[in-house]
Amino acid sequence: MRKNPRYLFWLIIGLTILAVFINLPKVSNVHFANRTFNFDSNSILAALKINKVLMFREGLDLKGGTSLVLRADMKNIASDQRSNALNSAKTVIENRVNLFGVSEPLVQTSIANSDYRIIVEIPGVTDVNQIRTLIGTTAQLTFWEEVASSSAKIDSPDVINVGGVYFKKTNLTGSDLKQTSVGFSQNTGKPEVELLFTSEGAKKFAEITKRNVGKILAIALDRNFISTPKVNQEITSDRAVIEGNFTSDEANQLSTQLNAGALPVPLVILSSSIIEPTLGSSSLAKSLFAGVLGFIIIVIFMTILYKKLGLIASLALTLYALFVLAIFKLSSITPYGITLTLSGIAGFILSIGMAVDANILIFERMKEELRQGKSHETAIELGFTRAWTSIRDSTISTLITSFVLYAFGTGMVKGFALVLAIGVLVSMFSAIVVTRTFLRLIYK
Amino acid sequence: MKLDIVGKKYWYFLLSLIIIIPGIISLLLFGLNLSIEFTGGSRLTFVSSKEVSQNQISALKSVFEQNQIKVASIEKSGNSVFVRSGPVDEKQDLVITAEIKNKVGDFKQESYETVGPTIGGETLRNAIYALVIASVLIVIYITWSFRSVPKPTSSFRFGVCAIIALIHDVLVLLGIFSIFGHFFGVEIDSLFVTAVLTVIGFSVHDTIVVFDRIRENLKRVGGENFAEVVNDSILQTLDRSLNTSLTVVLVLVSLLIFGGETIRWFVAALLIGVVSGTYSSIFNASPLLVIWQEILQRRIKK
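Which chain is which? The protein sequence lines are B and H, in order. First residue of the first sequence? That's 0 in numbering that gives the first Met the number 0, and the numbers climb one at a time after it. First residue of the second sequence? That's 0 in numbering that gives the first Met the number 0, and the numbers climb one at a time after it.
With the rest of the complex left out, here is chain H (with noise of 0.2 Å):
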């Protein structure tokens, strides 16, 4: 008994949509929850002597309003309190802390960072450039390397499936950390984006030993029965791609549970990708080539 994967694809494609579609809701219902790096803002810390008080939190935020600045939240913590708010450039910091002073207590301000909006705008950007060129660049690369497989497929077929792959476990990442921003506060922040690269690298790379399979295979077999040189390959490939998947899945929960907090968001999202690029490796990629070959004879039939 051979486990047929190419037979039941259509299954497989509706679990990645079940997790894709609320995750791209969410996307557009809420967005992602920019940190400041992105959007431009800033981040003030403020400590006092005393626990602080619900009025004093109106008030300070009164003093951010009247300085036309826009605040995006404040949250206290004992004696501390926390302000995002739109930029606040030094000047501005020091006549605020000095206001604060005056009209709320006896506030010392113990952090204070900022990013112009022109620098946010620019990492953002930077990031969606280097990820188009990359997926641009890997198309190229698999288009060259796969050249040698045998008509009726092409080579670029396997590139541009590859970054189908890509883009899927991009959307499963991007959904599911929509959700956690808007439920759980959880920020998209610079971390978060060499998060996502590196899961399109680790995406591809995975995608590559399936496909290079294939190719292998049918370099061996032709490609008259297609659909059935991609099942044996998948499975040919399945024990590997699992014990890989497992060591560095194991590798991330020990990062997980004893990383520390700063990474901790980093490496659920390494977490998220890692599984999602094997399953799409497996899963999506290579039944997406018998598809595209499919659809191109049922034309020539016609």
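Chain B extracted, bound-state conformation (with noise of 0.2 Å):
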């Protein structure tokens, strides 16, 4: 494994200028030089046109928040429509949950031992009664039918004005509709949404589409109104479509909104926590505090204990630090977004640990060596041979525990795992690579 050293040199000075762009806030009119400088490594993904932020994701520990845990119960839904019926609660809730207007809200639907859950974390929010109105209500799919506004009642709430249009409520509601799904269109081959109604749907929507020929008739959920379509003719049969410049995945949308009226699902809180958010910051500064400062205790001891090496390991931390945060960043443009919680703040610092000790075991190393009379260059090559299987088992069993973590845990403890993972193998990489590297430099 005998690289030449001035190649891993420029290899690490460029992973840590590409980490250190990455890592920067957005610094806007600096002035130097009488120049001024603007400067956000987004304005590359910008420019790239990938249409995602870099950022440093912050767990609801830090931000505030609530986080739901809610089960749909599934009794009156057949089995193979469960996870359709599981999807459409999912896309209610996460209408209900945009309405609060907060960033990055996260809802996700999860399967376990038969039970249907919905997970649900809203940052921002810690309002126990507007939590409520989340859940507080099953779906309720409604349709309209366009009036003329001087026979509206303008104040009645079965009538919604949208832009100088009047709707009035109909009689066709979700329980009439069995199902929808998404096709495709025989003419066209664009991609349709047919709706399959009851036999008593059927008939109702007969006459509704028989009075408005012409004219629009909108669906609205939780009064929201999802889909406008125009109706062209009489529809007597239970089967209708809503055509429309739809992609697939407008149409599944849609699809899947319209299951939410067809199969309602009552959806009950298992578990709910609020944290406060002004806990959450002022841990957050406390924990970088204590973070920064344990950092620095680490390089004085460092140079107290080993002197010169001991000053290259901490050379060799402060880049490990920078890569791993350039990861946590950059995982914020993947799916696989790592949320930074404080627990993973504590596994980051932990991990820290294990860095410094892949630097004291190859030190020790060569002081032995060094003591036995070999020669420097030697005792560097040695320390890192004899050093190596120690620091592979150990970064392996930890490796180990957090998959095991990982697969097993819940949220927070995932968060865990994932950083310790992330933290270990960055740190191998920091002791064996970057340490090494510059020791062959200065010893050369």
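Hints were generated in silico from the structure; no laboratory data involved. As the structure is a prediction and not an experimental result, all values here were calculated from the model.
Footprint (simulated), chain H over chain B, 3 or more residues, beta carbon under 8 Å:
id: 1; segment: 267–273
id: 2; segment: 299–312
id: 3; segment: 351–359
Just so it is clear, CB atoms sit at the ideal spot from N, CA and C, and this is done for glycine as well.
From the two separate chains plus the hints, produce the assembled complex.
Encoded structure:
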């Protein structure tokens, strides 16, 4: 494994510059040498036409907010329709959460022990009553017909005014809808949404379409219009299609929303927890401060113990911290975004400890070899090869623990495991590649 | 003069027992003070405009009891009342909040957290699964990775001894936190589970470093004088073990002092675990290898 240290050196320098670049916060209007600089690593993403934002994603314990685990009651839903119903319920919750206007809410589904669940995280909202509105009512799908403004009772809850056009609620509701699906138009080949009504629903639908040919029949979920198709002709069968310039994603989304009305599932709270944001941000500041302090302590301690070697290890550790932070930030543009939580930060600090340990192992080994009268260069190489087996075995056993934790853990434990795994992998790189390259260059 | 750690091994085991036995007694007597994350239950906070009186607290309690909800604890601090109780679902919560307003006084509900019993049991079960599976995998890995150790030792023993040291550390941690839980009300929550799992990682990490040295020395000099090889290996890695632990301990102490209230007990658990992990890898895991070897040899002689 004896590569030219110079190449590795430049590789490390390159990675460092990249990591610093990624980690730098947005800088604007910096005056330097009579010029103004603006800097934002996200501008590169924009230039590359990647529609995402690089950022540190903070967990609820840092930002404050509410996390909920909801159970969908599936006893009235046929077993083959259950996962559709779960997705629809998720869509309903998403719509309601979006009304809170918070950034980055998280709504996920999970099936555990034949329990159908929806996990909701809403940053910034801690009001109990506001949370209740999320699940207070089962989703209502309603159909609305266009009426002349003169005949409409404007103050009635059954009339909605959309841009000067009045819609009146019909007697057709989600319970008249059996199910919906996405198909493709036989004429145009474009995606379309197919509705299948119950026999009762088909009768109501026939009456409504008969008196509304050429007009709009709007469909609302929780009183928000999700589709406004025009009635082309009277439909007497139990099937109808909504055509439009849909992409398949749009058609799927509409179908899922409609299903929420067709397959209503009551939701109950399995668990809810509220994290006060003030507590969150103050504990973040404290943890960061403690982290920086801990880092300074390590640098001082290593320098006292190992003199010049300790300084090199400290440099390697600094790079280590930069790399890990860059990976956290980069992950935000991948589907596997890492959320920083308090336990994650603790995992990060612990992995710094393990990175230090790798260096200490190597240095102690080098000291021993030097004591036996070997030259600096031989001592460096022997120090690394001899320490390697224990670094390898301990790294692998930590990785085993992290993987098991990730597989079995819930929420916070998962975040911790992910950070720990990334931490030990980067720490191995930092000890074996970075420290070694610097040492070789110095003692050459 | 060489330090003889292996020779005094029974003293070190005794020290471990002195720490572990009170913990085990506490575990048997008081158990663990599990948070609602594991037991299922609710945590509710009510805020009044005035200082809360003792009468109001009793009235609050009876509202819960009339609704068939077991109250685990009620604490007040100024205008706020914190209630820990059996699971309260959101419908019961509405009823209770309304009744409190009618019967007890002008209270506003400030927070409502609840964990259903199913999800609580699941979290605990998952944590125990993770513990057992990780241990088994680590024994398998060590057995495989140390397969080259010369006879008469066997790599399987290294794996088992590493896990015994690990169980030692977990027992130390659980015992101390059982005592903390009983006397200071410290709760076992999922952060604590994270701490236990981290300590497991650290403990095995530490043990492996010593074992790695034993493996290397065994290959060089053979397994004839096993006790001496183990003792030498412990001494050769002692500097490293102490320096590493000291670094980690320093970082943890800075987290403990400055890291804020939310992670205080988490950091305390890590600190105890790291110290115990270092101790067990030096004074328990390696001497155990020697005892195992001696027992086998005695049997052969008979």
